[in-house]
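Enquirer: So the protein lines, in turn, are chains A and B.
Convert by adding 239 to the 1-based position in the first sequence; the result is the number in our numbering.
Convert by adding 2 to the 1-based position in the second sequence; the result is the number in our numbering.
Keep in mind that the hints are not guaranteed to be accurate.
Stated by the list, open to error - If you want the footprint, here are the derived chain A segments under chain B, 3+ residues with CB under 8 Å:
1) 256 to 262
2) 286 to 300
3) 323 to 334
None of these hints come from the bench; they were simulated from the model.
Built from N, CA and C at the ideal position, the CB exists for glycine as well.
Here are the chains, one letter per residue:
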Amino acid sequence: MTDTPALSIGAPGFDVDRLVADLQATVDRKMADGLYADARVARAERTNLVHLRASDDFIAFYLTCLREAVFVDISDYEIHERRRFLGPLLVAFKKTVWKLLKFYTYRLWSQQNQVNGLVVTALEGMEDQTASKLAALEQRIAELEAQTRPHGS
Amino acid sequence: MAPERLAFVCPRFAGDGAVGGAETLLKNLAARAARLGFAVDFLTTCAQSHYTWDNTLPPGRKTIDGMDVHFFPVDERNTADFLRIQQAIDRGHPVPPGDELHWLRNGVCSTALMAHLDRHAAGYRAILTGPYLFGLAWFAATAHPGKTLLIPCLHDEPFARLACMKRLFDEVAGCLFNSLAERELAAELFGIPDERSRIVGMGLDPFDADPAAFAARRGLSAPYVLYSGRREPLKGTPLLCDYLNTFRERTRRDIHLVFTGSGAIDAPPSLRPHLLDAGFVSEQEKHDAMAGALAFIHPSVNESFGIVLLEAFLAGTPGLVHAQSRVLVQQCRAANAGFWFRHYPDFETQLLFLLDHPDARAELGKRGRDFVAREYAWPAIEQKFIQALDALRPVRSSPEHPQPQPKGTP
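All chains, full assembly: derive it from the sequences and hints.
Expert: Below, the structure is given as structure tokens:
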């Protein structure tokens, strides 16, 4: 990790508030640059979403991650075997079974990919719609407040 | 002159087979009160599991740590009703007042304990009870509100928003909070003014720990992060497993995850070879594990104190806590000894920082150790406790209040 803020350890002004703020600013910059748009990040946040409700930007970021995760490639499934005894033989057997089953599973897989893609597109659309509606409402409120504000204040 | 008597009322007695932060806090506070010269009755139940509340200990009285510990059987419970109402509360659905009481009665109650308390209440200078959301504490407090000092261990959760809880906080003589953040939460939820409460918390005894001992004993060669306590979704342990698994995949850094405590661990299969579940360990082994960890991670957002985080500070290890837990964040801030993460990107950056900046990690650890040794030494806590007893003066008489009814109906 090289992209971390400079820090004077043991300096009189050393405090975690400032350090956390610096680290978070680094994170925010990286997020804006797309460095965390990663399906693995979306998966990692599955139990944290409930805590992020209040954050305006996070849902948009999460949808970007989800977009990365939405299409599953049926061909990149790696078969591992941890058992040492007969391990290579078991892997070969499972690969054969996997190939034979592909004929049946491919249709399901492609349908699921289509559904995933449509769901994420719908969610992105809803998010965009809501965001623009909110922005318009906020602008309208600001205009109305400006009109009703007493002169000279 | 006979010593003044104090009663502590708690659903479980912390010890073999029963571990919980609130129970540990009440037990330690009671033991310290006994050492200060108070005659202490610790009234608790025969249950050890907070899931089943089965009476697994024999009823009766024992002298433990200078206290008279009285074990009473838990009343029969209507678990189906309890779970039905609890689920509704948890989902934020409106619950009628009758159902709130029914939920409390079928959580954990003890008619035998209440009868004992009623017989002896007049002789107690104060009744200290908690945590707030258990029927046992609620009925004990509302039966003798003028004598009661509540140690609520309050969390920001749906149960805290029930009408019966507002009544509980309104009626008791005072509250002993564990942290400033908890006191602020109580002020927001119930409008408790500062003069009706004090911040006391719990002391921690200093300990020696060997940072290399745990890894050597358990055959750990890579750096590790640690979580100690109950493993359950409410404590955020699935989140910790997901985050560490993603951290390993994205950064390719070899870092292990160590758990001590009890409960099932919901971890992705790819993390399992790099996860060590040490289960229940001795205090010494826990402290060694803390001292050797890169960081102590506390992903829970529902904490009123965070004893294990303070223990980790005392072991010289920085904390990484969830930003939504204002108590834990406040402790990291006050000690200058930990970071708080909002989401995975924060977590990754902060953990990498600790891995790559051993000097900063050591400085954070030193600050944490100094802070806990200064602020949470038992003499300081004992002084706060005595001052709270004097200032809150629990002396009002008891009005009529509902009593727990075995096999009660709403």
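Enquirer: Confirm or reject each hint.
Expert: Here's how the hints hold up against the structure:
{"no.": "1", "hint": "256 to 262", "result": "holds (count 4)"}
{"no.": "2", "hint": "286 to 300", "result": "holds (count 6)"}
{"no.": "3", "hint": "323 to 334", "result": "violated (count 0)"}
Violated hint: 3 only; the structure is consistent with all others.
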